[in-house]
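Asker: Listed in order, the protein sequences are those of chains A and B. Numbering follows this note's numbering, in which position 76 of the first sequence is assigned residue number 76; successive positions increment by one, without gaps. If you count the second sequence from 1, you need to add 356 to reach this note's numbering.
Hints listed in this document are in silico derivations from the structure and should not be mistaken for laboratory results. Here a beta-carbon is modelled for each residue, glycine too, at the ideal position from N, C-alpha and C. You may find that some hints are simply not true.
[Claimed, not checked] In silico DSS-like links for lysine-lysine, alpha-carbon gap of 25 Å or less:
(1) A:298 / B:521
(2) B:469 / B:506
(3) B:450 / B:552
(4) A:165 / B:654
(5) A:178 / A:21
[Claimed, not checked] So these bits of chain B aren't anywhere near chain A, every CB distance computed over 10 Å:
(6) 375
(7) 460
(8) 499
(9) 510
(10) 587
(11) 592
(12) 630
(13) 651
(14) 694
[To be verified] Okay, the calculated bits of chain A under chain B, using three or more residues with CB under 8 Å as the criterion:
(15) 54-62
(16) 145-152
(17) 312-323
2 protein chains.
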Amino acid sequence: MPRLLLDKDKCLRNIEKMARKASRNSLSFRPHCKTHQSAEIASWLRDFDISSLTVSSFLMARYFARAGWEDILVAFPFQPGELDHLVELSEHCKLSILVDSPAALPFLNHIPKQVDFYVDIDTGYGRTGVRAENPELIEQIISKAAANSKLKFRGFYCHAGHSYKASGQKQRNAIHQKALYDLGGLKKQFEHHNAKVLYGDTPSCSTQKEFGTIDELTPGNFFFYDLIQYSHGACNMKDIAVAMECPVAGRYPTGERILIHGGAIHFSKESLLLNGDSIFGQLVQGTDRGWTHTSQEKYLTSISQEHGVMEQCGDLIREVNIGDKLLFLPVHSCLTANLMREYYSLDGIPIATLNS
Amino acid sequence: MPRLLLDKDKCLRNIEKMARKASRNSLSFRPHCKTHQSAEIASWLRDFDISSLTVSSFLMARYFARAGWEDILVAFPFQPGELDHLVELSEHCKLSILVDSPAALPFLNHIPKQVDFYVDIDTGYGRTGVRAENPELIEQIISKAAANSKLKFRGFYCHAGHSYKASGQKQRNAIHQKALYDLGGLKKQFEHHNAKVLYGDTPSCSTQKEFGTIDELTPGNFFFYDLIQYSHGACNMKDIAVAMECPVAGRYPTGERILIHGGAIHFSKESLLLNGDSIFGQLVQGTDRGWTHTSQEKYLTSISQEHGVMEQCGDLIREVNIGDKLLFLPVHSCLTANLMREYYSLDGIPIATLNS
Numbered sequence: 001m002p003r004l005l006l007d008k009d010k011c012l013r014n015i016e017k018m019a020r021k022a023s024r025n026s027l028s029f030r031p032h033c034k035t036h037q038s039a040e041i042a043s044w045l046r047d048f049d050i051s052s053l054t055v056s057s058f059l060m061a062r063y064f065a066r067a068g069w070e071d072i073l074v075a076f077p078f079q080p081g082e083l084d085h086l087v088e089l090s091e092h093c094k095l096s097i098l099v100d101s102p103a104a105l106p107f108l109n110h111i112p113k114q115v116d117f118y119v120d121i122d123t124g125y126g127r128t129g130v131r132a133e134n135p136e137l138i139e140q141i142i143s144k145a146a147a148n149s150k151l152k153f154r155g156f157y158c159h160a161g162h163s164y165k166a167s168g169q170k171q172r173n174a175i176h177q178k179a180l181y182d183l184g185g186l187k188k189q190f191e192h193h194n195a196k197v198l199y200g201d202t203p204s205c206s207t208q209k210e211f212g213t214i215d216e217l218t219p220g221n222f223f224f225y226d227l228i229q230y231s232h233g234a235c236n237m238k239d240i241a242v243a244m245e246c247p248v249a250g251r252y253p254t255g256e257r258i259l260i261h262g263g264a265i266h267f268s269k270e271s272l273l274l275n276g277d278s279i280f281g282q283l284v285q286g287t288d289r290g291w292t293h294t295s296q297e298k299y300l301t302s303i304s305q306e307h308g309v310m311e312q313c314g315d316l317i318r319e320v321n322i323g324d325k326l327l328f329l330p331v332h333s334c335l336t337a338n339l340m341r342e343y344y345s346l347d348g349i350p351i352a353t354l355n356s
Numbered sequence: 357m358p359r360l361l362l363d364k365d366k367c368l369r370n371i372e373k374m375a376r377k378a379s380r381n382s383l384s385f386r387p388h389c390k391t392h393q394s395a396e397i398a399s400w401l402r403d404f405d406i407s408s409l410t411v412s413s414f415l416m417a418r419y420f421a422r423a424g425w426e427d428i429l430v431a432f433p434f435q436p437g438e439l440d441h442l443v444e445l446s447e448h449c450k451l452s453i454l455v456d457s458p459a460a461l462p463f464l465n466h467i468p469k470q471v472d473f474y475v476d477i478d479t480g481y482g483r484t485g486v487r488a489e490n491p492e493l494i495e496q497i498i499s500k501a502a503a504n505s506k507l508k509f510r511g512f513y514c515h516a517g518h519s520y521k522a523s524g525q526k527q528r529n530a531i532h533q534k535a536l537y538d539l540g541g542l543k544k545q546f547e548h549h550n551a552k553v554l555y556g557d558t559p560s561c562s563t564q565k566e567f568g569t570i571d572e573l574t575p576g577n578f579f580f581y582d583l584i585q586y587s588h589g590a591c592n593m594k595d596i597a598v599a600m601e602c603p604v605a606g607r608y609p610t611g612e613r614i615l616i617h618g619g620a621i622h623f624s625k626e627s628l629l630l631n632g633d634s635i636f637g638q639l640v641q642g643t644d645r646g647w648t649h650t651s652q653e654k655y656l657t658s659i660s661q662e663h664g665v666m667e668q669c670g671d672l673i674r675e676v677n678i679g680d681k682l683l684f685l686p687v688h689s690c691l692t693a694n695l696m697r698e699y700y701s702l703d704g705i706p707i708a709t710l711n712s
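All chains, please: the whole structure from these sequences, using the hints.
Answerer: The structure is reproduced here in structure tokens:
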């Protein structure tokens with residue numbers, strides 16, 4: 001069976017580096033735990049004096065609350081179908097939610113405990129949030145919410161996810177600068193509310209040096225990183241903290257093809273375009289303890305449900321036998337980790353997640 | 357939370373139609389259960405006198421064996437790492453495996469109970485299997501296996517998965533005809549072994565009328581079908597038996613955009629190219645009982661981990677409110693079903709799977 005290996009040392013270094021960056025910039029740090037979805041990995045944050053988390057669903061919020069976390073932001077626009085979960089969670093922890101429309105507020109009229117909210121701001125990504133150019137709508141939300149004594153406006157949240165679509169660092173910088181400008185403007189305009197600003201996609205948090213008037217960073221993928229992050233210059237190959245271990249199930253000298261057990265239900269179907277071709281993972285070389293990036297680059301070139309195929313393997317096909325285990329860096333570690341549901345330390349110890 | 361709804365009537369009709377087609381062509385029928393991974397759904401096969409299953413992993417084989425199935429083919433080239441599972445399973449059921457290399461055979465030298473094997477044949481897909489043009493290698497495998505009295509050669513297995521890459525029915529027909537020709541030739545050449553031929557990707561099984569010397573059909577996706585199958589002409593819209601039910605979490609009149617809770621960890625990242633754009637699901641209209649395809653076609657145009665976005669929704673945005681539930685046909689039901697791990701009947705009753 002394919003397994004997802006986690007190099008704890010790499011993960012700890014990634015956490016430490018981001019925690020230091022936040023600290024150096026006098027920013028709070030509220031890591032997004034959607035990537036790993038693991039209470040054990042979240043517990044490693046305690047050593048860095050981190051006491052608040054970001055998650056992307058009430059399912060995750062409940063899981064981390066049960067693991068003892070008392071300050072959790074659910075970074076997804078609140079939906080009325082989650083009201084029961086919200087009520088339950090607000091009994092046990094300091095719960096924050098996102099709101100991006102006045103229409104969501106009536107559903108929160110009768111909550112029994114205080115819930116904080118941030119207005120989700122869209123600085124150009126175009127996924128969720130009130131457009132930064134629309135402070136009137138923000139004002140409407142805040143005014144309407146003020147009628148509910150249990151609902152506290154705390155500030156703004158922004159995920160500038162269009163950084164993932166940027167064609168290079170120059171464009172990423174422009175996206176970041178616009179976000180800082182927009183969020184700085186809103187912070188000033190709503191300073192009478194003592195509005196805080198939460199921000200943080202992993203590429204921006206990893207590559208940028210200035211954070212303007214931002215108060216808190218909320219990146220998530222940085223725990224593990226992956227090939228997408230590498231392609232954005234957000235990490236080095238050696239920072240990628242997870243690798244899929246997959247058994248070789250077939251060797252096909254014609255076409256220099258190797259088959260592994262490891263497909264779309266393990267890696268996910270996320271792909272990365274490399275010289276015009278889609279790839280689904282990159283081969284790394286196993287070492288005594290973990291893996292190392294090789295200069296001879298080989299990729300998973302196609303996957304189906306359980307099958308992974310490496311084509312044009314060259315000499316590798318003569319070095320590999322059925323039953324050998326190969327290691328691959330994932331394209332998108334969040335999706336791979338979600339599918340794998342359990343990780344293994346380099347000592348072979350299982351690390352549980354929400355999905356275990 | 358997003359839910360995967362299963363219209364049992366549609367699923368039963370899909371099963372019945374394929375079972376009848378097999379019967380009409382005097383073919384055995386060994387449905388592939390990787391799509392649904394559900395003992396309950398497999399139990400519906402009993403009414404059609406089906407007593408043998410195909411699966412794609414030993415994990416699935418064990419699950420269905422525990423549910424009482426006694427004749428199971430693991431349609432993935434045997435890997436030595438699965439030997440313990442094979443030994444355990446062979447105690448409890450008639451187990452068949454795939455072999456496509458003599459190198460796999462020594463690992464099976466000391467199995468305690470009989471295991472049947474099929475030689476996996478590649479008629480042009482280029483994923484797994486011995487190339488049909490290489491009967492010498494088949495002969496090598498059969499000869500080498502003959503030394504193991506517990507290992508019984510039963511015939512050939514072929515998944516002509518390149519039918520999914522075909523640009524139209526003409527090309528699909530050619531792929532099918534070549535497979536029939538190749539497999540017919542091998543069957544004749546190895547008739548002294550009384551070799552049976554197992555075959556069946558869903559597009560071919562759904563659209564073809566002639567099956568030559570094939571003995572047994574093994575399609576899987578047909579239980580549910582999906583947008584990919586529809587795009588290949590393998591099903592009608594009304595045959596698609598599953599739909600994702602997703603709450604509306606945001607409305608953004610600028611850009612006529614709707615946000616749903618339903619992302620890559622629910623639908624999978626599988627996409628379909630439609631007029632040059634990737635889509636991740638197609639909106640259908642809920643009815644008193646299930647859903648119906650609408651002529652006004654709307655699509656999920658982008659997804660991230662938890663978020664699904666419909667852009668250019670037109671009038672729909674004025675009809676929809678936060679908290680409403682929308683229904684979407686999945687692009688690739690196997691991957692969606694695997695992620696959702698539990699389905700709901702139209703009466704709201706949970707249907708468990710291997711992953712529940």
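Asker: Decide, hint by hint, whether the structure agrees.
Answerer: Going through the hints against the structure:
1. Restraint check: the Cα-Cα separation between residue 298 of chain A and residue 521 of chain B comes to about 24 Å, which is no more than 25 Å; the hinted pair holds.
2. At most 25 Å may separate the alpha-carbon atoms for a hinted pair to count; residue 469 of chain B and residue 506 of chain B meet this at roughly 6 Å.
3. Taking the CA atoms of residue 450 of chain B and residue 552 of chain B, the gap is near 16 Å; set against the 25 Å cutoff, the hint holds.
4. Of the pairs offered as hints, the one joining residue 165 of chain A and residue 654 of chain B holds, with about 24 Å between alpha carbons and a cut-off of 25 Å not exceeded.
5. Proximity of residue 178 of chain A to residue 21 of chain A is assessed by CA-CA distance (about 21 Å); at most 25 Å being required, the pair is judged to hold.
6. With 10 Å as the threshold on Cβ separation, the claim that residue 375 of chain B sits away from chain A holds: the shortest Cβ distance comes to roughly 23 Å.
7. Non-interface call for residue 460 of chain B relative to chain A: violated, since the shortest CB-CB distance, roughly 6 Å, does not exceed 10 Å.
8. Distance check for residue 499 of chain B against chain A: the nearest CB is about 18 Å away, which clears 10 Å, and the non-interface claim stands.
9. Once the 10 Å rule is applied to beta carbons, residue 510 of chain B is consistent with being away from chain A; the minimum gap is 20 Å.
10. No Cβ of chain A approaches the Cβ of residue 587 of chain B within 10 Å, the least distance being about 16 Å, so the stated non-interface status holds.
11. Every beta carbon of chain A lies more than 10 Å from that of residue 592 of chain B, the smallest distance being close to 24 Å; the non-interface claim holds.
12. No Cβ of chain A approaches the Cβ of residue 630 of chain B within 10 Å, the least distance being about 17 Å, so the stated non-interface status holds.
13. In this structure residue 651 of chain B is separated from chain A by more than 10 Å, as the shortest Cβ-Cβ distance comes to about 28 Å.
14. With a least beta-carbon separation of about 5 Å from chain A, residue 694 of chain B fails to lie farther than 10 Å from that chain, contradicting its non-interface assignment.
15. With a threshold of 8 Å between beta carbons, the proposed coverage of the stretch 54-62 of chain A by chain B holds, since 3 of its residues qualify and at least three are required.
16. Chain B is given as covering the stretch 145-152 of chain A, and this is violated because 0 residues of the stretch bring a CB closer than 8 Å to a CB of that chain, at least three being needed.
17. Counting residues of the stretch 312-323 of chain A whose beta-carbon sits less than 8 Å from any beta-carbon of chain B gives 3, enough to reach three: the coverage restraint holds.
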